[in-house]
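Assemble chain B onto chain A, guided by the hints.
Number of protein chains: 2
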Amino acid sequence: MDSADAIQWIIPIAGLAAVLFAGYLARDVLRRDTGTQAMVDVGDIIYEGAVAFIRRQYTTIAVLAIGAAVVIGIVIALVENRREVADTDIFGVELGIMTGVAFLVGAAASMASGVIGMYISVKSNVRTAAAARRSLVEAVQVAMRGGAVSGFLVVALSLLGVWGIFAAYGGFTNPAQAPFLIVGFGFGASFVALFAQLGGGIYTKAADVGSDLVGKIEAGIPEDDPRNAAVIADLVGDNVGDCAGRGADLFESTAAENIGAMILGVAAFVIASAANWPNPEAWIFFPLVVRAFGLLATIGAMYFVRGSDEEDPMNILNRGYWATTILSVVGLAITTYVMMQTGPDEVGAMNIPSWLWMFAAGVVGLATSVAFVYITQYYTAGSWRPVKEIAEASKTGPATNIISGTAVGFETTFVTAVTIGIALMVSAFLGSQAFEGTGEPHVGAILGTAVATMGMLMTTAYILAMDTFGPITDNAGGIAEFSRAEAGAREITDRLDAVGNTTKALTKGYAIASASLAAFLLFSAYIDKVNLILAAQGRAAMEAINLAEVGVFVAAFIGAMLAFFFSSLAIRAVGKAASAIIVEVRRQFREMPGIMDYTQRPDYARVVDITTRSALREMVAPGVVAVATPIIVGVLLGHEAVAGMLMVGTISGVLLATVLNNGGGAWDNAKKYIESGHLTDEAGNVIGKGTPAHAAAVVGDTVGDPFKDTAGPSLHVLVKLLATITLVLAPLFIR
Amino acid sequence: MDSADAIQWIIPIAGLAAVLFAGYLARDVLRRDTGTQAMVDVGDIIYEGAVAFIRRQYTTIAVLAIGAAVVIGIVIALVENRREVADTDIFGVELGIMTGVAFLVGAAASMASGVIGMYISVKSNVRTAAAARRSLVEAVQVAMRGGAVSGFLVVALSLLGVWGIFAAYGGFTNPAQAPFLIVGFGFGASFVALFAQLGGGIYTKAADVGSDLVGKIEAGIPEDDPRNAAVIADLVGDNVGDCAGRGADLFESTAAENIGAMILGVAAFVIASAANWPNPEAWIFFPLVVRAFGLLATIGAMYFVRGSDEEDPMNILNRGYWATTILSVVGLAITTYVMMQTGPDEVGAMNIPSWLWMFAAGVVGLATSVAFVYITQYYTAGSWRPVKEIAEASKTGPATNIISGTAVGFETTFVTAVTIGIALMVSAFLGSQAFEGTGEPHVGAILGTAVATMGMLMTTAYILAMDTFGPITDNAGGIAEFSRAEAGAREITDRLDAVGNTTKALTKGYAIASASLAAFLLFSAYIDKVNLILAAQGRAAMEAINLAEVGVFVAAFIGAMLAFFFSSLAIRAVGKAASAIIVEVRRQFREMPGIMDYTQRPDYARVVDITTRSALREMVAPGVVAVATPIIVGVLLGHEAVAGMLMVGTISGVLLATVLNNGGGAWDNAKKYIESGHLTDEAGNVIGKGTPAHAAAVVGDTVGDPFKDTAGPSLHVLVKLLATITLVLAPLFIR
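Protein chains in written order, with numbering that gives the first Met the number 0: chain A, 0 to 734; chain B, 0 to 734.
It should be emphasised that the hints constitute simulated quantities derived from the structure, not laboratory data. Heads up, some of the hints might be wrong.
Unchecked claim - Here are some chain B residues pointing at chain A (derived, C-beta under 8 Å): (1) Ala167; (2) Ile216; (3) Ile220; (4) Phe303; (5) Val425; (6) Phe522; (7) Val549; (8) Pro705.
Claimed, not checked - Derived lysine-lysine pairs resembling DSS-like cross-links, with alpha carbons at most 27 Å apart: (9) Lys671(A) <-> Lys671(B); (10) Lys215(A) <-> Lys688(B); (11) Lys575(B) <-> Lys394(A); (12) Lys575(A) <-> Lys575(B); (13) Lys575(B) <-> Lys394(B); (14) Lys387(A) <-> Lys575(A); (15) Lys394(A) <-> Lys688(B); (16) Lys122(B) <-> Lys394(B); (17) Lys575(A) <-> Lys671(B); (18) Lys122(A) <-> Lys387(A); (19) Lys575(B) <-> Lys688(A); (20) Lys575(B) <-> Lys387(A); (21) Lys671(A) <-> Lys688(B); (22) Lys387(B) <-> Lys688(A); (23) Lys215(A) <-> Lys394(B); (24) Lys688(B) <-> Lys575(A); (25) Lys122(B) <-> Lys394(A); (26) Lys671(B) <-> Lys394(A); (27) Lys387(B) <-> Lys575(A); (28) Lys688(A) <-> Lys394(B).
Don't be surprised by glycine CBs; every beta carbon is placed ideally from N, CA and C.
Bound conformation, chain A alone:
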């Protein structure tokens, strides 16, 4: 066994290490002090509400997933029965069953990571609130460790899941065939992620918007005030939307993009086999190995999450992020050096070894990740021009606040598109240089973009930990307010909450950047799969996705439209669910007069229940549209057109998500900017809370809520779902 074979064992080792480390962190968090009795009580109510929602939501999703698995299995069995697939003896019924099973395994793993992440975060919030009574650093550590449990479990489950199903489907004996057999896993993961993100996103924002409108604006009581019956639903929402939703989102990113990269690796495997390079199968395994090193880097980085009480908490988190990035560069160097060796006579352009070119492509991915972290901070944090501009515009009322925020949201597409464009061009160039000697620079170029994507995804576990930090601290703040904790604790949770807003925005920037980088990888994989089937039918390969064909153009048009239409449904769903909440809270204020003077306890459970039912009802329409549209277009217009839909739909989805996420984040922080007393009039007087400018900023913040926490994140899932759905159902679209 040589080094390229040996290094593959890092996959299960790192996966298990991450699971054990998550267990260690979870034990550490759960052992901690849960604070006052009042805190424990609120924590328990939130826990019950979250569990009740997740149980009902995941039951619904499970039923949908099982139905979908059966349909997919039957369709694949029928369609693939018409012919034999090249280089494989697996087709027809057998392939149908394998695809259906892979779908269910992917769905189950995704659901498991969502449930576990939500469980730990809902247990961490009360402990973070308790720690905030003592010290800032301790509170940061509790919240970050709770978040890291999610981060590690999601990434490790994805890694182990893909590796396990790859092994089970003959990956070690026939590595060039197995990547095509496991695409169902990715589809299953995206299917669950779609409904988890939609349902959770609708829940959390309906509760947030409903609670703010009826409490802060109508009744004039503070946010998170216990007299507002919708407050518990709002706190539950942070857990089921932000934690469980984003966990499922990034689970499917890592799963689908790993599988796509493995499919692209098959082309390199063929070249490597023909040229007698050492370890041709290393080209297929490298995505999993890179990911494994990313997990190890993140474990190491957790020991850098420390600092002092005087420090900006964001610095403490950034320290860990930079540690992850630097350790990832080391892991990337080892992986590319060991696995991306071409034959003894084959080197890349300028006599530079191929692995070094590929290493550089991976570094491009990591650099893109860093770039997006800072781009997002620029656009959504209060210290820079965009947020200040929105705060200034609030002086002339809500209309100018909205106009200004929309302009900022639209503006963010520029740097997003240019950064992604440069990353793709550069990584493709580096990859083509690596393969120059092979006469197949095109394969190298696409592999270069895949390596860049893998590099970017190395830090996923850490990013996800920072993301979950957000809702945990948000909840901790809510618990402190709700349980009327001492002012010092509240001040600390407020500071953490502000940092959490930034980390939540960062994760969305990261998720969108990785989705765009991966888009190219995923439809290259689609083209490979279509050509495999066409070759099996003895037909010519699909050479191009020609936009000048009417059918491709129309499909591209529909794909671009899908992002807008889907967002419309998601946004409207929040509005409908929020209306139901408002009606109920108004009823309670009216019929239970004791609420206002604290003599009567509002009926929290009823609002939680109404929110649960509305969110589950409203998630169906956008979910069905997302799944059905690519299938209808593929069946009507064929396999080339659906590729056009996938590509242009991805572009449109990424841009619209950027607009919605960053616009929403900027509105949120413009409000915070005013609340912190940074806005002044011409004479230098502070325009703070309670002024008309602040009221205008609250309008912008409320508008931004469904944009940034429902539609935007759901679009991330949509673009990846488009990719996995077309990959799995490619045989159905060929004609």
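Using the frame of chain A, we list chain B on its own:
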């Protein structure tokens, strides 16, 4: 001379007839009563402001256009000097000069139609206000005739301009070469349209938003109240933005799309020449002939614009629209029968004559136009679900109003994309059937989409007349209010203003639909032009625009982003200019205390001047971005990538314009819905003017202003500019 030769004379005849008819209408309008002295005074102030702005704006644009013409001429001369162009002896310096001259002629014609349209409309508004003192029908007729002057002149100038430059550049002796030589005309027209629409759009909405915020919201005085110094600027804005801007927009639509269709006709000309069909050059001339029949149909239809005072004024206008459509079908049948004859043995599929297939494709275009008129009404008029939904959402405040309006705006992309998709697929199918016998069904398919586009554009003059009706009646209402006219007159102008809002929305729907239908035509023309140059260099043709190439994908990404970024700049420009106005009006209220009790006259001229300067300054950034981005991408990434940018940029621009136009229109009418007393609470009590719900709806209306009247219409121009810029500069991008 046979019939296909003879029918070409309809082009100058119809063009001149339309000009004469416009002169007749203008004389009729100008001869009419100008009302009270107060009306005349206001009318004169508006006239002066509009002329002052147009003079300064068009001076700026003229300087920019002359500079651009010189640069383009030099670039073409240098680039084209490297080689000879196939089938032509015109290249190098000669081609550079011809392109530059065509650019200037197109620019001049576009500016002329803008100026004339603005002049007549500014003269019609006071006469409409005067007529409203007597009868509704008379007021409708004055406004519609004033609008028709613009409509006829814009379309006739475009027709005569393209025909004239075609003739001057040897179109009668070498019809297959001339269409490629005149593309500069289209670029010149789009260049002017871009700055006219941007400058006018920024002016009109900065004045509108600024005036509303400082008058209605801050000072609590009614809209169009003479105490508000920004009111005159607002009235001026309607003329320079809506009239002059939209005139330039549709001028360039008809010009660019005619030229594109003529380029596509060259392919059919080649087939027809080889197969010895009668009149091969008819395939090149048909777009102009179709347009000429459209003009004649519109002249006839003007006699159907009549009705009674009891009638809904919209019915009167719809009667004329249907007359135009039906007469256009007749004209289309004549044109296709005479001009689209294939050889004696060549018929289309199923033994149906080719002309009949092509006639059907043209009818698809007309039907698409009708479909968009009704789709736009559904989404933006008060009688249907979308506007009611926004009005309902206003009950819970501005945030839910904005969320609901955004959802409606996003939703409208669905029916837009599906309708356009169906129109393209069906017309391409019909066209391919027409050419089945030739063995070149692909050429027929693209021609089919071109014929559909031409069919759709037949009604442009009427649509533009209805559009200009909008600002004329809007101004008439303003004049009536400002001059404190009798209540009866104001009631009539209010009714007409509401109709005008609908017709303005319709035109935008029509403009966007024609832009999408034409998009496919325009980049097919681009591909033809690139292949002509490649053939001259002895290189293989560009077979596909392959989205799976990294460069094409990145260019597509940038193209899609451009629509968002450009809109961001346009929207921000309105905000900045509006701020300048608000500061000035506040100063006047503060320093001129007599304004409020009517003892002191506000300084209208100063606000007009400030608005003019801001609008001209702010139009530069988005304009430069729009022109520079395709050039940079083309030079860096090459001719295939820029085609991807053009196509995906068009898709993205069309969808975003749909969102902005329809969202803005729906917000506007949701406010009007509440003002008309249609919104009620649970108990059935009317929630009308002055309620919090109305205030919330005003916020939505204000947000929608820059969306629907600045960014949206400017996006129409952007997508067409992308097409003409790539057509003209194709030689620069080839590598």
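Each hint tested on the structure:
Because the beta carbon of Ala167(B) sits about 31 Å from the nearest beta carbon in chain A, more than 8 Å, this interface hint is broken. At a threshold of 8 Å, the smallest CB-CB gap from Ile216(B) to chain A is about 6 Å, leaving the interface hint in force. Interface restraint check for Ile220(B): the shortest CB-CB distance to chain A comes to about 16 Å, outside 8 Å, so the restraint is violated. Look at Phe303(B): its Cβ only gets to about 35 Å from chain A, farther than 8 Å, so that hint breaks.
Given hint, Val425(B) at the interface with chain A, is violated; its Cβ is 10 Å from that chain's nearest Cβ, farther than 8 Å. Given hint, Phe522(B) at the interface with chain A, holds; its Cβ is 7 Å from that chain's nearest Cβ, closer than 8 Å. A hinted interface residue such as Val549(B) counts as satisfied when its beta carbon comes closer than 8 Å to some beta carbon of chain A; here the least separation is about 4 Å, so the hint holds. Interface hint status for Pro705(B): upheld, as the beta-carbon distance to the closest one in chain A is roughly 6 Å, under 8 Å.
Pair hint Lys671(A) plus Lys671(B) does not hold up; C-alpha atoms about 34 Å apart against a cutoff of 27 Å. In summary, the hint linking Lys215(A) to Lys688(B) is supported, as the alpha carbons are separated by about 25 Å, within the 27 Å threshold. Using a Cα cut-off of 27 Å, the hinted pair Lys575(B) and Lys394(A) holds, with the two alpha carbons roughly 13 Å apart. Restraint check for Lys575(A) and Lys575(B): not satisfied, since their Cα atoms lie roughly 35 Å apart, outside the 27 Å limit.
Taking the CA atoms of Lys575(B) and Lys394(B), the gap is about 30 Å. The hint is violated against a cut of 27 Å. Between Lys387(A) and Lys575(A) the CA atoms are separated by roughly 32 Å; this puts the pair beyond 27 Å, and the hint is violated. With a C-alpha separation of about 24 Å, the suggested pair Lys394(A) and Lys688(B) falls inside the 27 Å cut-off, and the hint holds. Restraint check for Lys122(B) and Lys394(B): the C-alpha separation of about 41 Å exceeds 27 Å, so the hint is violated.
Under the criterion of a C-alpha separation no larger than 27 Å, the hint pairing Lys575(A) with Lys671(B) is consistent with the structure, at around 23 Å. Between Lys122(A) and Lys387(A) the CA atoms are separated by roughly 36 Å; this puts the pair beyond 27 Å, and the hint is violated. Taking the CA atoms of Lys575(B) and Lys688(A), the gap is near 25 Å; set against the 27 Å cutoff, the hint holds. Between Lys575(B) and Lys387(A) the alpha-carbon distance is near 14 Å, which keeps this suggested pair within the 27 Å criterion.
Our distance criterion of 27 Å between C-alpha atoms is broken by Lys671(A) and Lys688(B), whose separation comes to about 33 Å. About 33 Å separates the Cα atoms of Lys387(B) and Lys688(A), which puts this hinted pair outside 27 Å; it is violated. Among the hinted pairs, Lys215(A) with Lys394(B) is consistent with the structure: their alpha-carbon atoms are about 16 Å apart, no more than 27 Å. Under the criterion of a C-alpha separation no larger than 27 Å, the hint pairing Lys688(B) with Lys575(A) is consistent with the structure, at around 25 Å.
Annotation: proposed proximity of Lys122(B) to Lys394(A) is violated, straight-line Cα distance about 38 Å (limit 27 Å). For the suggested pair Lys671(B) and Lys394(A), the alpha carbons sit about 26 Å apart, so the restraint of at most 27 Å is met. Restraint check: the Cα-Cα separation between Lys387(B) and Lys575(A) comes to about 14 Å, which is no more than 27 Å; the hinted pair holds. Restraint check for Lys688(A) and Lys394(B): satisfied, since their Cα atoms lie roughly 24 Å apart, inside the 27 Å limit.
Comparing the model with each numbered hint stated earlier shows that hints 1, 3, 4, 5, 9, 12, 13, 14, 16, 18, 21, 22 and 25 do not hold.
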